[in-house]
Each structure stands twice: as structure tokens, then as C-alpha cells.
Amino acid sequence: MVNRVVVGAHYGLGSWLVQRISAVVIAVYAVIMAIALLGGHAHDYAAWKALFSQGWLRFATFLFVVSLLLHAWVGMRDIWMDYVKSTGLRLTLEALTVLWLVGCGGWALQILWR
Amino acid sequence: MPELAAKKPRPIWYNLSPVNLPAPGLVSILHRASGILLFLAIIWMLYMLDLSLASEAGFDHLKSYAANPIVKLAILVLAWAFLHHFCAGIRYLLLDLQKGIELPAARATSFTVFAVSLILTIVAAVLIW
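Residue numbers (our numbering), protein chains in the order written: chain G, 592 to 705; chain H, 39 to 167.
Since the hints were made in silico from the structure, they are not lab data. It is possible that part of the hints are untrue.
[Stated by the list, open to error] Straight line, CA to CA, 20 angstroms or less: simulated EDC-like cross-link-like pairs of lysine to aspartate or glutamate:
1. Lys640(G) <-> Asp88(H)
2. Lys101(H) <-> Asp635(G)
3. Lys101(H) <-> Asp88(H)
4. Lys110(H) <-> Asp88(H)
5. Lys110(H) <-> Asp635(G)
6. Lys640(G) <-> Glu94(H)
7. Lys640(G) <-> Asp98(H)
8. Lys110(H) <-> Asp98(H)
Turn these sequences into a full structure, and let the hints guide you.
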């Protein structure tokens, strides 16, 4: 009698959850941004700059950026796992994806807190 | 000898061409395609956000840059990609909650995803032009 749980490590559950939670953050932020854009907050530089100098929007944008990077990572990893059969090539593409996203995140932070 | 006949490997042929997919399948593959597009566009959106917040001159430069018809078209394609990904994503979150998992409902929500995302894309086009 084998008495062990073979699915107990929850492989993939973390990614699955991250994908969903980050999706909700991105969706909420998108609605906030759409309202801001329709409300004329991008009409000129002063209004746009004023919007992004508010603490709460920087906080929200930071959460959005982190969520976007995590969401992009889970999604791109799924795509590499589905279509790239060669382990070496897949590992390379996954590593490049992570490096690319981290680099993008760095730039985003620099834009927000200039 | 019916047993022997039954053991013969049967040909399996899936037609995975997008035009042959049922609506939920089309939503799914476009969700993936739009996701790739959005991933590739992150760097471009960062470039535009950087320009817009850097200085008054950068903001004005972005305005004239975004007035280019090709840039407008690219922004519109990205708007569609985002809106499709957004609507399909909400549908998937509802499926996770066991909402709309029966076939008629799954089909109906797929058509809703297409309708809403395309209408909002047209709204975006009107706003851009």
C-alpha cells in the first residue's frame, strides 16, 4: 500500500493564483486609467504630470506594473512550455523573458519616481 | 474478426484552423495571440509613458508622434489586443467561479466577448481619430 500524496506539492497552483490575482489588479487599474483619460487628465502636460504626482496613483501604478510583469511572466512561460519542446531552448527563452521583464520593471520605476 | 478491426489505429484529424474553431476556441486562441502582442508592446508603451512624463517638450513630441497614421493604427491594434484580452480574461475568471460553463452559456459569453471588445475598439478608434 503506497501511502503518499503524489499531488501534494501544488505544482502550478501558485502560478495559477498569481495569474488570476494580477489579472484583477490590471483590470481595476485599466478602468481607473480609462476614467482618468476620459476625464481629460491627459489633455495637457500639466494635468498629466499632476495626475502622476499623486501618491495614490503612483502606489496603484506600482502595483499595476508588478502585476503586469508577473502576469506576463506566467503567460509567456505557458506559451514557451506549450510550443518549445527543446529543454535548452525553452530554458533560454524563459530566462530571456525574465530578464526582459525585470529590465522593463526597472525602467517603469524610473519613469514613476523621476 | 471484429476485435482485430477494432484494434487498427484510427486516423485522428483535428482541424485547428481558426475559421473552423467554435466561438470559445476562437476566444481562447485570440486571448493567447493578444497576450503575445501585449507582451511585445510593453517596451513601446514604456517609451511613450516615459516621453509623456519626462517634460513638456516630450509630451508635445509624443502628441505629434501619435498623430502619425501608422502609429495611430498600431495603438488601435494594441487597444483591440488589450480589450479582447480584458473581456476574455473576465470570462475566464467567471469560468473559474463555475459561471457559464454549460455549452450554450459558454457560446453566448464568447460572442459577448467579441461584441463588447469590438465595440469598445470602435469607440477607441473614434476617440483616437
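Here is what the structure says about each hint:
no.	hint	result
1	Lys640(G) <-> Asp88(H)	holds, 11 angstroms
2	Lys101(H) <-> Asp635(G)	holds, 10 angstroms
3	Lys101(H) <-> Asp88(H)	holds, 13 angstroms
4	Lys110(H) <-> Asp88(H)	holds, 18 angstroms
5	Lys110(H) <-> Asp635(G)	holds, 19 angstroms
6	Lys640(G) <-> Glu94(H)	holds, 9 angstroms
7	Lys640(G) <-> Asp98(H)	holds, 13 angstroms
8	Lys110(H) <-> Asp98(H)	holds, 16 angstroms
Taken one by one, the earlier hints all hold for this structure without exception.
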